[in-house]
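Chemist: Following the hints, complete the assembly by docking chain Z onto the known chain E.
Top to bottom, those sequences are chains E and Z.
FYI, in the working numbering the residues of the first sequence are 1 to 211.
FYI, in the working numbering the residues of the second sequence are 1001 to 1334.
Hints should not be assumed to be uniformly reliable.
[What the hints assert, rightly or not] Ranges between beta-carbon positions, derived for each pair:
id : chain 1 : residue 1 : chain 2 : residue 2 : range
1  : Z       : N1183     : E       : K174      : 20 to 28 Å
2  : Z       : K1287     : E       : I171      : 38 to 46 Å
3  : E       : K97       : Z       : E1124     : 18 to 26 Å
4  : Z       : E1179     : E       : I151      : 34 to 42 Å
5  : Z       : E1333     : E       : K97       : 54 to 62 Å
6  : E       : G187      : Z       : T1231     : 53 to 61 Å
7  : Z       : N1183     : E       : E209      : 51 to 59 Å
[As the list claims (entries may be wrong)] Short derived list, chain Z residues pointing at chain E, Cβ under 10 Å:
id : residue
8  : E1077
9  : T1083
10 : D1085
11 : T1108
12 : M1116
13 : M1120
14 : Q1282
[To be verified] Below, a list of computed lysine-lysine pairs in the PhoX-like style, where the Cα atoms sit at most 25 Å apart:
id : chain 1 : residue 1 : chain 2 : residue 2
15 : E       : K121      : Z       : K1127
16 : E       : K107      : E       : K31
17 : Z       : K1311     : E       : K65
18 : E       : K2        : E       : K141
19 : E       : K117      : Z       : K1127
20 : E       : K43       : E       : K9
21 : E       : K43       : Z       : K1284
22 : Z       : K1092     : E       : K65
23 : E       : K9        : E       : K141
24 : Z       : K1317     : Z       : K1067
25 : Z       : K1228     : Z       : K1287
26 : Z       : K1284     : Z       : K1242
27 : Z       : K1180     : Z       : K1028
28 : E       : K56       : E       : K46
29 : E       : K97       : E       : K56
30 : E       : K31       : Z       : K1317
31 : Z       : K1180     : Z       : K1202
32 : Z       : K1330     : Z       : K1317
Keep in mind the hints are simulated off the structure, nothing from the lab.
C-beta: ideal position from N, C-alpha, C; glycine also.
The primary structure of each chain is shown beneath.
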Amino acid sequence: MKSTELMIKIIDNIATTIHENKEYLTELDAKIGDSDHGINMDKGFKMVQEKLHAVKDKDCGTILKTVAMTLVSTVGGASGPLYGTAFLKAASVVSDKKEINKDDIVKMFEEAIMGIKMRGKANKGDKTMLDALIPAYEELKKSIENNETIIEAFDKGQKAAYEGVEYTKKIAAKKGRASYLGERSIGHQDPGATSSYLMLKAIYDTLKEAK
Amino acid sequence: MKKIINNPESVVEEMLEGIVNAHPEYVKRLEGFNVLVRADAPVKGKVALVSGGGSGHEPSHGGYVGKGMLDAAVAGEVFTSPTPDQVFEAIKAVDGGSGVLLVIKNYTGDVMNFEMAAEMAEMEGIKVDSVIVNDDVAVENSTYTTGRRGIAGTVFVHKIAGAAADKGLELKEVKRIAEKVINNVRTMGMSLTPCTVPAAGKPSFELAEDEMEVGLGIHGEPGTHRDKIKTADEITEHLLEKIFNDIEVNEKDEVAVMVNGLGGTPLMELYIVNRKVKDILQEKGIKVYKTFVGNFMTSLEMAGCSVSILKLDDELKELLSAKADTIAFKQFEE
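Same shape as in the complex, but just chain E (with noise of 0.2 Å):
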């Protein structure tokens, strides 16, 4: 298959496990943000759905940017300019690429971390979505450098996103409005941790049905 082909089928089906996991997301932020991450996330990937059947015949880079800009302009609040920087960093290492290699790969997790980093003035620990994003890229990238097959490093990956999220049960937010509740946020686990993890496996899951 090729890479822009399957890039599209992986973000369309990120788009339906949001869809699926819309009520689970906002029943988490509940406790412990403002109640509308799975609404808002599930409105914006519902508009990437809409707008990917222009883009599917254009090179890598063009269709991450306009998963970037739509969530950038449909998700509000945090999510949409942190999600939105991700994919569009990960889009300027792609980008005019209709074919995408394994170190391609490993170049845009990285600048999507480093973006959300930078966007969202957080780190490790914070209780965030970098929680399960960090460890997968470490994992993905340990894999990688293995020579074990882009499947195996997702897989990996995925694995380490989970406990990236069991680990923000443990943990008190120091970012975004979970952070006021301070101590009181231990024991819930981070919506945005959560939906990045929903994504990585939705990837995965992709890569593996593809196969």
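Modeler: Here is chain Z on its own, set in the frame of chain E:
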């Protein structure tokens, strides 16, 4: 909920239409966007000022678009930051070739969305810089912010940085002056009633008939404490005490005062507050250079007020007195 609206979903859209209908000589709307720009935008060769944020704070910020103040105001949904694409359009529409300064109130969402728009504009070769207003002395961190909130003091930043841009100063200088205002302005507020976001349909909090919330934010987020309602003089004393605990203003210093209504407070009460402000400042030997009383930065129909004190030097005085002609703020040359 009892409001003169048609549909909670379309309040911002319909308000913007109404503003443009009323004041076409001041503002025009960017088609397809919730952005008001000066009727004569872009002004060639002048640094452009762009501000904005959630709606519900009228006349902020659209009311300050015009000569000597803002070039564009971006309106988000009620109490919700506008998205970067909207801010980006505003920047593009008003850039006159000398760069754009973003005036951002310190709320996590606003800062992220405006900064992202700034990066998008820079990618297109537009010079953009930004300042973050955090004048509220009430709380260090709040429901919507890391650090202090930006509230009514923002209007002083619009006025003074706007005058600096109007004078033809370059972007770096306009930013320096905007930051000088931010460093020298402090605000403290209180409320008697909550407000209702149209889409939510019910008040964001409840206050008993004899209670007031001290130090609350302009979205109804909690303040420092709840107290039994006191007299105007006692309330004013407390607000100023908080401000003077935070900024050193000495005898013979000159200040500008803003007594701001939150939307549901009669001017009568605001003037009663101002009377006491003047008394307290006089006692301290502080000179009042200019006083502004009115609804500048509101919170829908919330009853309550805030007091802002801006410490002045010659440069700020000159710019504060410079001509401004906008829908909600007019200053004639002296």
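Chemist: None of the hints should be skipped; say for each whether it holds.
Modeler: Hints and how they fare:
1. Z:N1183 - E:K174: 20 to 28 Å: The hint (20 to 28 Å, Cβ to Cβ) holds, given that N1183 (chain Z) and K174 (chain E) are roughly 27 Å apart.
2. Z:K1287 - E:I171: 38 to 46 Å: violated (51 Å)
3. E:K97 - Z:E1124: 18 to 26 Å: Holds: the Cβ-Cβ distance is about 22 Å, inside 18 to 26 Å.
4. Z:E1179 - E:I151: 34 to 42 Å: Given range 34 to 42 Å: violated, Cβ gap about 52 Å.
5. Z:E1333 - E:K97: 54 to 62 Å: For K97 (chain E) against E1333 (chain Z), whose Cβ atoms are near 58 Å apart, the range 54 to 62 Å holds.
6. E:G187 - Z:T1231: 53 to 61 Å: violated (45 Å)
7. Z:N1183 - E:E209: 51 to 59 Å: Hint holds: Cβ distance 57 Å, inside 51 to 59 Å.
8. E1077: Holds, because the Cβ-Cβ distance from E1077 (chain Z) to chain E comes to roughly 8 Å (cut-off 10 Å).
9. T1083: holds (5 Å)
10. D1085: Holds, about 4 Å.
11. T1108: At 6 Å from the nearest chain E Cβ, T1108 (chain Z) passes the 10 Å test, so the hint holds.
12. M1116: holds (5 Å)
13. M1120: holds (9 Å)
14. Q1282: violated (39 Å)
15. E:K121 - Z:K1127: holds (23 Å)
16. E:K107 - E:K31: Distance of about 35 Å is beyond 25 Å: violated.
17. Z:K1311 - E:K65: violated (46 Å)
18. E:K2 - E:K141: holds (22 Å)
19. E:K117 - Z:K1127: OK: K117 (chain E) and K1127 (chain Z) at ~24 Å, within 25 Å.
20. E:K43 - E:K9: holds (19 Å)
21. E:K43 - Z:K1284: violated (55 Å)
22. Z:K1092 - E:K65: holds (20 Å)
23. E:K9 - E:K141: Satisfied, since the Cα-Cα distance of roughly 23 Å is no more than 25 Å.
24. Z:K1317 - Z:K1067: holds (18 Å)
25. Z:K1228 - Z:K1287: violated (32 Å)
26. Z:K1284 - Z:K1242: holds (15 Å)
27. Z:K1180 - Z:K1028: Violated, at roughly 30 Å.
28. E:K56 - E:K46: With a Cα-Cα distance of about 16 Å, the restraint between K56 (chain E) and K46 (chain E) holds, given a limit of 25 Å.
29. E:K97 - E:K56: holds (13 Å)
30. E:K31 - Z:K1317: violated (49 Å)
31. Z:K1180 - Z:K1202: violated (39 Å)
32. Z:K1330 - Z:K1317: holds (16 Å)
When the structure is compared with the earlier hints, violations turn up for hints 2, 4, 6, 14, 16, 17, 21, 25, 27, 30, 31 and for no others.
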